[in-house]
Amino acid sequence: MQKTITYSDAINDALHTSMKIDKKVICMGLGINDPKNIFGTTKNLLKKFGSNRVFDMPTSENAMTGIGIGMSLDKFKVVITHQRLDFILLAMDQIINGAAKWHYMFGGKDNVSITIRLIVGRGWGQGPTHSQSLQSLFAHIPGLKVVMPSSAYDAKGLLISSIFDKNPVIFIEHRWLHSLEGKVPSKKYLIPIGKPKKILNGSHITIVSMSYMTIEAINAAKFLKKYNIHCEIIDLRTVSPIDYNIIFNSIKKTKKLLVLDTSNKSYSISSEIVAKCCENVFKHLLSPPKIIGLPNIPIPTSFGMTKDLYPESKDIINEILNIMNIKQTIPYEKNLSHKHDIPHKKFKGPF
Amino acid sequence: MKNIQKNLLEKIKLIRMVEEEISNKYFENKMRCPTHLSIGQEAISAGVCLAINNNDYVVSTHRSHGHYLAKGGNIKKMIAEIYGKETGCSNGYGGSMHLIDKNVNFMGSTAIVGNSIPVGVGLGVAAKLKKNKKISTIFFGEAATEQGVFYESLNFAALKNLPILFICENNLYSVYSSLNERQPKKRSLKNISSSMGVESIKVDEINVHEIYKITKKYAAKVRRTNKPVLIEFMTYRYREHCGPNNDDNLRYRKRSEINKWRNKDPIKVFEKFLLKNKIVTKEEILNIEKKIYSNVKSAFKYAEKSMFPSPRNAFKNIFAD
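So the sequences go chain by chain: E and X. First residue of the first sequence: 2, per the numbering used here; consecutive thereafter. First residue of the second sequence: 488, per the numbering used here; consecutive thereafter.
Any given hint could be a false lead.
[As the list claims (entries may be wrong)] Here are the computed lysine-lysine pairs in the DSS-like style, where the Cα-Cα straight-line distance is at most 25 Å:
#1 X:Lys589 with E:Lys167
#2 X:Lys617 with E:Lys48
#3 E:Lys25 with X:Lys647
#4 E:Lys21 with X:Lys618
#5 X:Lys615 with E:Lys49
Keep in mind that the hints were calculated from the coordinates and are not lab data. Values in this document were obtained by computation on a predicted structure and should not be read as measured data.
Build the full structure now, drawing on both the sequences and the hints.
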């Protein structure tokens, strides 16, 4: 059976499914049992599984990560949720010196099975320290897996895979994905970590994308199709590790590459992908690979300064025309019935 | 009672003799990793680890040889680990600062100050959820109590009533930096801890049997009440912070202070106590030493004879499958 549900409900479904099939799955996080339930993602967990397995926590990000590590050494599978990715920066010792290294530094004698859910903010003035998309920071560390699903379907399957993975997984959700709907099977299913998915077949250009940028990519591709430009979209789903075969094969076909990033471009997942593609399939590329992402600045707060800051479909369309050397301008008008700093009309701050 | 006293003597002697041997042989340049000796601090390792149960959890720090050995960790595998051999307790991946022996629930020592404290708290949560009556014992130095993660951990242990024994070994120095440089004069860990809801005592005691008895009493209380306890033990390391040498020539510690602690050496004190009370004879002590000496020798032999891991192994164990 399949139902159409939002991305946040799919996360909720994955947590319910995992906790139901394994009593060792534990959920903790600041505010997971509050009336808002982390944008609805943790609703009814407490009611269903009780306060031993679902608990709020002190604002002690570093210790709570270590506590998750300790519990996992006694075979618990721990899910820790943070309302914003930025908060986890307080726990970098436990993540980088602890979780990421544990299996390695003890010669494989033990393993750390924790999933850290992080939510990237955007818009409504989230500003410099509530909207960082720091996936490359984690992806840089051997021993961490970093997952960034863009659809409700992938969110459920990948979260279950993350929870039952024997390794620490950084599971990054984009706030603007939470309200998007998709078809999701009711039963348990797993999506392998590390496998990108081709979500659109095309012959003219390869777009590699992640998380929310995949939504913009789909819009751009739909529009370009009307002008007989056929994009192939590969949604990364996991940003570390990445199985590059599907990307390389696509480049061999399209000969062109555009990579989209939710973060600033410098030292990013997108620059890593461009590097890997240049090293491996350079001779197949007919034009320089390009990246669309944020400029290398902190995110400002003001409504005024965030205007035109985040790249969107229009920028993707223009870049593709540029790569394909099409001089003609295509009249793309984004039908915005809402302000630039919210994903849809109903979206309200303060989060 | 006689038995436990002999066990305690054996443990402190074992730790001392293993570390003396490491110190003696370090100059051969075959132990190629940072090595933090606990010579001078043995009574706490032995007293605490013998006072808890075999299946109780222990986590530790960069200075962990004593804790590992006292908990019953395999000596051959420890020495092999320091030699970087594939037969080491961490298969050569960790070295002196990353010891593990899950057979005796020595769950790991880590090299960043304060890093293993919350991990030990997590093991306490696990024990409580499983209702298995285990307690989690966490060793850390006084420098870790200058870190945020220590307070976060203490707070959670108190909040959730966790079966945890926090053991602070206060050896007065963080590398070369004295307490005066690092903590306000009237700061009391006991008071800080108590005001956070964790019962705490400070122990200035060098007799390993006394340390054992105190720990035994509080370990039983932790197990009975499911509430954490913190014990701060005053102690002193004889050697440099890291490495085999005596570094008294650097004069960062006062001669009078060094002498004060040397005069109450835990091994001398305990031997004297046992002889005076006729609990052991000189001959028995010699026999204990002989037995330990042969174990230590064979551990080093084992380590030296073992193979280095292949360079290929560096690419293994990044992820568990």
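Out of the numbered hints, which ones does the structure contradict? none
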